[in-house]
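A.B. asks: The primary structure of each chain is shown beneath.
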Amino acid sequence: MAKEGNPLWSRYRHLLRRRTTDDVQDELRFHVDMRIEEARRAGLREPDARAAALERFGRYTDVENEVLNIDRARERRRRRTEWFGDLRQDVAFAIRSLTHAPSFAIAAVATLAIAIGANTMIFSLVNALLLQPLPYAEPQQLVSMWGYSTGELLQLREHLRSASDIAAYRATSANLDDGASAERLDGSVVSANLFALLRASARIGRTFAADEGDRGKTDVVILGNGLWQRRFAGDSSVIGRRVLIDGSSTMIIGVMPADFAFPTSTTDFWKPLLIDRSDVVSLWAGGASHFIGRLRAGTTVAAARRELQQLAPTFRHANTIWDPGPMYGQHADVQSLQASMLGGTRPVLMLLLGCVVVVLVIACVNVANLLLARASARERELAVRAALGGGRGRLIRQLLTESLVLAGVGGAIGVLLSAAGIRWLVASLPAGVPRTNEIALSGTTLAFTLGLTMLTGVAFGLLPALRATSGRGGGETARSGRTGRGVGHHRISSMLIIGEVALAVLLVIGAELLVRSFGQMRRLDPGFRIDHLVTARVTPAPANYADASKTNALYGAILSRAAALPGVENVAGVSDLPIARPVYAGVLRIEGQFEDMKHNLPSEDHSQVVTPDYFTTMRIPIIRGRAFTDADHGGTQPVAIVSQSMARRFWPGGDAIGKRVGYPWESPWMTIVGVVADVRSDSLRDTSAVSVYFPFLQRAKTARPEFTILLRTASDPTIVERSLRAVVADVDRAVPLSEVRTMDDVIAQSLAKPRFIMLLVGAFAIVALFLGAVGIYGVMSYLVSQRMQEMGIRMALGATAPAVLTMVVRRAAVLAGTGAVIGVAAAFVAMRPLRALLFGVSIGDPLTVLSVPILFVIVAMVASFVPALRATRVSPVTVLRAD
Amino acid sequence: MSRPVEFRQGAIELLILKTLSWGPQHGFSIARWIQDTTNDVLRLEEGSLYPTLHRLEDKHWVESHWGMSENNRRAKFYELTALGRKELAAEAKDWWRYAEAIGKVLTSTAKPVQAQG
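Protein sequences appear in the order of chains A and B. Throughout the first sequence, residue numbering follows this note's numbering, covering 1 to 883 in sequence. Throughout the second sequence, residue numbering follows this note's numbering, covering 1 to 117 in sequence.
Okay, chain B solo, but in the shape it has when bound:
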């Protein structure tokens, strides 16, 4: 098992949106899905999911409703809105461009030009 990576704020929104793109889920299942998908590489303080979820709701990217969980408990389910779906596409694209750029730098073989004193 590799070293855990600290979670980057901002990326959390993207992960939530992506998770919800599979369908409505409650907070716990979002956390579990992220954990499962990343093989526990991302160290996520699970509590921090919730303020983000509620803020996404304020932005009308997600909607919530109360429903029954798998084990028959009252749980709050979140669902992607049309606006949220659009944002997901846009943010994912940004993220890939960012990752690509960083990757290019890290794999570069050219030495930087020496600055003149």
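Chain A extracted, bound-state conformation:
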């Protein structure tokens, strides 16, 4: 097409240009010639006559050029209007002919709108998280790398030549107290060079100076834009003001701009990381858990990784405090910062991308099928028009316009759908997804959608168009109408429908597995009663509550006053609330089994500090022995309670009561006085129920004064929440209450990610199922219309309506069944990467593997019923006469 179209067009254009030029020259030469003639008649000789004529005429070439320019501009204008006129005509014609086939138009537009909407939505997500570079200067140079402590940070800065700068940070939370009220905030402790490394500057004020990690100089803080707006009403005079952060006076030195979201968009403040070279113990004991670096220009991530892998093991000997062992630094890694921030979100993105691509393919197949069916239904019309002199190019252009109009309308609706979808998506993304503030319907996304729309339109408009106008004699087609044609169409349509059903089955199986996994997770019994339970985190500043007796008094007051609130049945406190976040996993000495610290102590325990009423409040049954009482305090025998799993693991066959356990360092033996039922601690999917509990009043001296309090209520738990705030504020105004929520919410939040994935994949599966039904309906309608004559003959020969009906429906069922079997087979392969997301169901789950194909066969039978009914209404006479 293009090969021969191009020279043809240019010849045409050349011709037009020539004609304009010739006309202008003819016109001007005529004038001059007439004057020469006149001069000659007046008696002048040839050269003089010409000279006189030309003089009279003026600047000949200037005039010629000027006139040529005027005419060429007019010619271009004319051609443009003609083209737009044709286009308008084509579009008007397309719209007219589409309104004459409303069910076709609606099916095609709906299919495209849904597919393009879903794709745009997911691509926006992928674009923001995966493709858009991080919003920092030279983002390709930014990496995250191995490292645990300030000691390593200093070593890396000194020795790692690949990076021009290295910074460290860790998440933290702290109380902000401005004298009016105290609030718990999430923030980040960062090495002073972090902002310089990211080349980020403050919105107002400044970022950290190089020496603000030195001892005595860390009493400064930078606020996030959100906190500044919310808490300080965007007041610029906060710079230089002092606030209490965890009880110590700290000066606000800067506010970051709204788009600065490092490491997360919920980071409300940044504090400098203390780096004290003289304090060797704290240098190697921790300080920062995440390291980022800026690579030197020209250095690759791979090169930096190689250098770090050489270097890291050598730091083992720089640590003069303890020997981290021979494996230290063996798995040191460098990753691009973008990839590492994405972390576990990447496979989810890939899954969603895979789903929408499947939806898109199904939609394209559908549209292709619909257009194919429509084109063959219009074969006679097209052939007639071709015979009447409609040029092939013009016919193709018309069909193409029609499919582009479909694609355009579908695309426009799709973009609207996706805009709503993106808003929903951002609101329901599970916690831990980075850069949510950057997710939007961007120019890139729109370009992607537009390209997708156009491609769909051209690809599926062109195929039937070429087919319909292909060389086979128009006259013959016009004469013979439907007879004998469409056998090729049959096969293509049947294959398309089988492929479409297979893909839809694949998606529906995936969705069903995810739905059933989610159901299994929801049904998991955490080992305590979830309903009517209010939880709240109490976080006194450690500086204010360094004294254990003060902490005891605080919680004593809060718990006794909360217990007196109307509607409250029991109250308790716990160091780490189960399910909400991973429970502290400590190491333990066990008398007679693991006493020597040099041996590996058992370490996958959950260790919690609880108040006496904890088990009652949580409704955790006590199996043997007793619960803690108020008599278990600092002055009495140290005691502990273990879970049934723990008892079974360390004292199998024997009795745990009376046995003794202890903390690893400087701790007395604690006697086990009770065994309680198992509880899932880290998450609903936690497989270890090995737990040990210690009484609140006997907690370790180093324990932080932060606890979660629990209220078991008789009625609606939300009523209690407000009174609880008043109680805590009344006991100590400077102690903030955070994460006030019901246990139901805690469970729901812990399931947010699988729920999110399930909802999206489920939505796509429903779309696929719907599109599959539309596709089957379209193809069966087409097949029936193709075989009208055959049906007529059958009916004429005595076939009953039910027989014809069965024939059509059976055909649809066979097509869908074939597709479903292929889809099930594909699912076994394609679902493998999904395994990590499944819980309690296997890929080969018989219920799923059986139910989904049956569902599709039923859908196919229902979808083919209307066309089948149409087939039975065929009057033999009409069909026979029609040909």
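Source of the hints: derived by calculation from the structure; they are not laboratory data. Think of the CB as a built atom: it goes at the ideal place given N, C-alpha and C, for glycine as much as any other residue. Certain hints may be false.
So the derived list for chain B, only partly shown, Cβ under 10 Å to chain A, looks like this [claimed, not checked]:
#	residue
1	HIS26
2	PHE28
3	ALA31
4	ILE34
5	ARG55
6	TRP66
7	ARG74
8	ALA75
9	TYR98
So the derived label-pair ranges between C-beta atoms look like this [as the list claims (entries may be wrong)]:
#	chain 1	residue 1	chain 2	residue 2	range
10	B	ASP94	A	LEU462	56 to 64 Å
11	A	ASP22	B	ILE102	43 to 51 Å
12	B	GLU70	A	LEU462	52 to 60 Å
13	B	ILE102	A	ILE95	58 to 66 Å
Here the structure of chain A is known, so what remains is to put chain B in place on it, guided by the hints.
C.D. replies: Coordinates of chain B only, in the frame set by chain A:
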């Protein structure tokens, strides 16, 4: 024969329209008619007729078609459109008002009032 007058741009449009008001003509005959009618008083660079003609065509004041000249040569004929006829009337009126105003000034006997320093 009096001194030739330089042709004023803008007036050329008016002259072409007026010429064509007698019927379709080709460029040469337009030039000749102008020359004959004005007794060669207006010095016209004949070439400048043509860009003006083509621009008038753009404005849809005139239309053109190819035809045969008196001496049987292919020539481009121009014809006034209805729009062109209306424009001719309007422009002629403007021209007369202009000429009248200039004439009044030139034939005036009143001395201008002296401006105060």
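A.B. asks: Evaluate each hint against the coordinates.
C.D. replies: Structure-based check of all given hints:
1. HIS26: holds (7 Å)
2. PHE28: Holds, about 5 Å.
3. ALA31: holds (7 Å)
4. ILE34: violated (13 Å)
5. ARG55: holds (6 Å)
6. TRP66: holds (8 Å)
7. ARG74: With a minimum Cβ separation of about 6 Å from chain A (threshold 10 Å), the hint on B:ARG74 holds.
8. ALA75: Nearest chain A Cβ about 5 Å off; hint holds.
9. TYR98: violated (26 Å)
10. B:ASP94 with A:LEU462: 56 to 64 Å: Check passed, 58 Å falls within 56 to 64 Å.
11. A:ASP22 with B:ILE102: 43 to 51 Å: Hint holds: Cβ distance 44 Å, inside 43 to 51 Å.
12. B:GLU70 with A:LEU462: 52 to 60 Å: holds (57 Å)
13. B:ILE102 with A:ILE95: 58 to 66 Å: holds (60 Å)
Of the hints listed earlier, those the structure fails to meet are numbers 4 and 9, in rising order.
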